[in-house]
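Note that the protein sequences, when read in sequence, are chains A and B.
Under this note's numbering, the first residue of the first sequence carries the number 1, and numbering increases by one thereafter.
Under this note's numbering, the first residue of the second sequence carries the number 1001, and numbering increases by one thereafter.
Be aware that a few hints might be false.
[Claimed, not checked] Computed cross-link-like contacts, DSS-like style, restricted to lysine-lysine with a CA-CA straight-line distance of at most 30 angstroms:
(1) A:K237 x B:K1115
(2) B:K1184 x A:K238
(3) B:K1115 x A:K238
(4) A:K142 x A:K210
(5) B:K1040 x B:K1115
(6) A:K161 x B:K1115
(7) A:K211 x A:K200
(8) A:K204 x A:K142
(9) A:K200 x A:K142
(10) B:K1044 x A:K142
(11) B:K1115 x A:K200
(12) B:K1115 x A:K211
(13) B:K1115 x A:K210
(14) A:K200 x A:K210
Since the hints were derived computationally from the structure, they do not count as laboratory data.
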Amino acid sequence: MGQPVISVASLGKRYHLSHQKQQGTLRDSLMDGTRGFFKKISGRSESINSGMEEFWALRDVSFEINQGDVVGIIGRNGAGKSTLLKVLSRITEPTAGRATIRGRIASLLEVGTGFHPELSGRENIFLNGAILGMSRVEIQRKFDEIVAFAEVERFLDTQVKHYSSGMYVRLAFAVAAHLEPEILILDEVLAVGDADFQRKCLRKMNDVTKKEGRTILFVSHQLTSIQQLCNRVILLKKGRITHDTDTVAGLAAYQAQSSAFVDAQPAVNLGPELTLESFEFSPLPVRVFADLNFVLQLSAQTDCRIHDLCLLLYNELGQRVAIADLRQAAQSYALGAGQTLSLHGLLQRISLVPGNYSVGFYLRTNTHMNDHHGLRSITVHAAENNQLMSYAAEHLGSVALEPKFEVTVQNGGEIITPIKHPESTA
Amino acid sequence: MPTDEIPELVLEAGRANRHYWGDLWRYRELLGFLALRDIKVRYKQTTLGILWALIQPAVTLAVFTFVFGKLASLPSGNAPYPLLVLAGLLPWQLFSAAFSNASGSLVANTHLISKIYFPRLIVPLSSIAVALIDFVVVLVLLVILCAWWRFVPDWRIIFLPLFIFLALLTGLGTGLWLTALTVKYRDFRFVVPFLLQVGLFLSPVGFSSTNLPNWRLLYSLNPMAGVIDGFRWCLLHGEPTLNPANLAISIGMMFVLLFSGLWYFRQTERTFADLI
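Can you make the complete structure from the sequences, with help from the hints?
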């Protein structure tokens, strides 16, 4: 042992972006070829690919991963996460640098790769298993387990095209979950299925890593799953590693990155008459039961009246968990053209369970009404000075309650040990 | 686990994969499953099912017999004209199915290629299996026609598997070129049907190659000419006689196609996922 399972040294992957033309038609190649030929014989040697632009999806990426590490790879869209996984899974080769992998590797960049809709569930288990690198014997050995995990016993001989999308995803994940490689590469695969099944998958993956010491590389935008599974986080930005640290620090860095990004967002047009000038929350991330400050500014292009204004909070599963009513009693906000409405305030004692929330608002004016989703995101972290160990996110439910209580132990009428519960800190 | 069992894999730009052929062997089960998938799916939700494999060659057979046998009154040697045509049609169908399946195989499996690693050769190889299934069905048609004319092939039939193999390899060689080219240039999708159409008339399918004695050397540059002559020789009591030089040229051409196809495929393989 001792040696790292994966060592990556200044890995880079370059793509060519071609403008105006679609990539690679035969005519382009012929024309570029002849043009190059004429340039060559006329003694000039400028680049013949004038319409091409280089783009490094990964640049100078180096890290080492040891056996049993569960590493979360995070970053905004286009940061190079998926490219990294593709290079490590041998789907595409790097342009620069090298990666050394020691051990059997299996990658799951998509749930149900190679599933064929015309084939039955049974046939697809074998096909998908083979595609993921399992042998026929191995699949046969685990067949019953896979079927039970997917809960599709009754439909084994039905064509997969008649499956509900939930059954499809369950079956696909079940096959993948029973892979036994030493290194497992996962890309956003838990983003599918219903909440129950997601929980089941997380539990399965937890088992796999804790009991069997398997190494996992995991890309996800669901920070709660990263938080639960990973002991280390690699944060990518524009193809480079900006942080390679433990999970808590990594997630905080990511959060800082994203809120910086959010602040820089330009004004949003909310319809014919209103523009969102600013919409900010602080501090971010916020602790459970702490106050969250907000600023909301709307400017009017034309005269209008705002009858309804509510903040809408959605959790990672897309369920609305709360609203904050920002109307004033019996009065709508009247705005003249060019005027700006500003609301400064706080959401007191945030009682949301730790996780990521997307914030938007509902707006009704005298002319139209609309929900504006996903304008900002806020992250809630567990309360700070809690002497108790916190439970895993899957057990927390969706709201945080703040109990205050007294405990006594009685023997008949006599109080033996009065226990004072420490007041929850705000 | 003993450390010497742990495979070490180095990924680097332009690095040839030393384990490629070993990987191909390790993934042989995938080859089987993909072939099985293609076969199972091929006639799903069709009413006539596998009969479709019979209808097309039967109609072609009738048309060619009419045009070349009746209208043009070409000689057929010692076998009835329909049998002559079918003995040429069999390898042609096998080749054209293998060729067109292999040509389209990579693009048809885009979702696999962009999401998972395996030796890409698996894809065109497995697509050829379907061609064999259809071939076996048409072989049944041959047996029926032979029984109808009470025509029994002689000992030469034992060489038939050799020519079946040659037809497959010809289809694979050309298919490898076209499928790798199609990944980058979708233009070649339109080239395949065109090549097949022209090839059908440039190969001695509807008539015996004895009809063009002066051109036979040039003709054998078409690898399928050699294969078709070979089929007829095996099935129709050694008619036409096989000229070793011509056969050698055909087989040589086939190997040129196969190895150059393999070379081009291996050269371009590592960029498939980026281009497809």
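Next pair to validate is K1115 (chain B) with K238 (chain A); report whether the Cα-Cα distance is within 30 angstroms.
holds (22 angstroms)
Just to be careful, I want the Cα atoms of K211 (chain A) and K200 (chain A) compared with a cutoff of 30 angstroms; is the pair within it?
holds (16 angstroms)
Holds or violated: are the alpha carbons of K1115 (chain B) and K211 (chain A) at most 30 angstroms from each other?
holds (28 angstroms)
Measure nothing beyond the straight line between the CA atoms of K1115 (chain B) and K200 (chain A); if it is 30 angstroms or shorter, mark the hint as holding.
Roughly 24 angstroms separates the two Cα atoms, so the pair holds.
Sort out whether K210 (chain A) lies within 30 angstroms of K142 (chain A), counting only the CA atoms.
Holds. K142 (chain A) to K210 (chain A) sits at ~20 angstroms (cutoff 30 angstroms).
Taking only the CA atoms, is the gap from K204 (chain A) to K142 (chain A) under or equal to 30 angstroms?
holds (15 angstroms)
For the pair we were handed, K200 (chain A) and K142 (chain A), check the Cα-Cα distance against 30 angstroms.
holds (18 angstroms)
Does the alpha-carbon distance linking K237 (chain A) and K1115 (chain B) stay inside the 30 angstroms limit?
Answer holds: K237 (chain A) to K1115 (chain B) is near 23 angstroms, not above 30 angstroms.
Holds or violated: are the alpha carbons of K1044 (chain B) and K142 (chain A) at most 30 angstroms from each other?
At roughly 28 angstroms apart (the allowed maximum being 30 angstroms), K142 (chain A) and K1044 (chain B) satisfy the hint.
CA of K1184 (chain B) to CA of K238 (chain A), is that 30 angstroms or under?
holds (27 angstroms)
Under the criterion that the straight-line Cα-Cα distance not exceed 30 angstroms, is the pair K1040 (chain B), K1115 (chain B) satisfied?
holds (23 angstroms)
Is K1115 (chain B) within 30 angstroms of K210 (chain A), Cα to Cα?
holds (27 angstroms)
Checked against the numbered hints given earlier, the structure satisfies every one of them.
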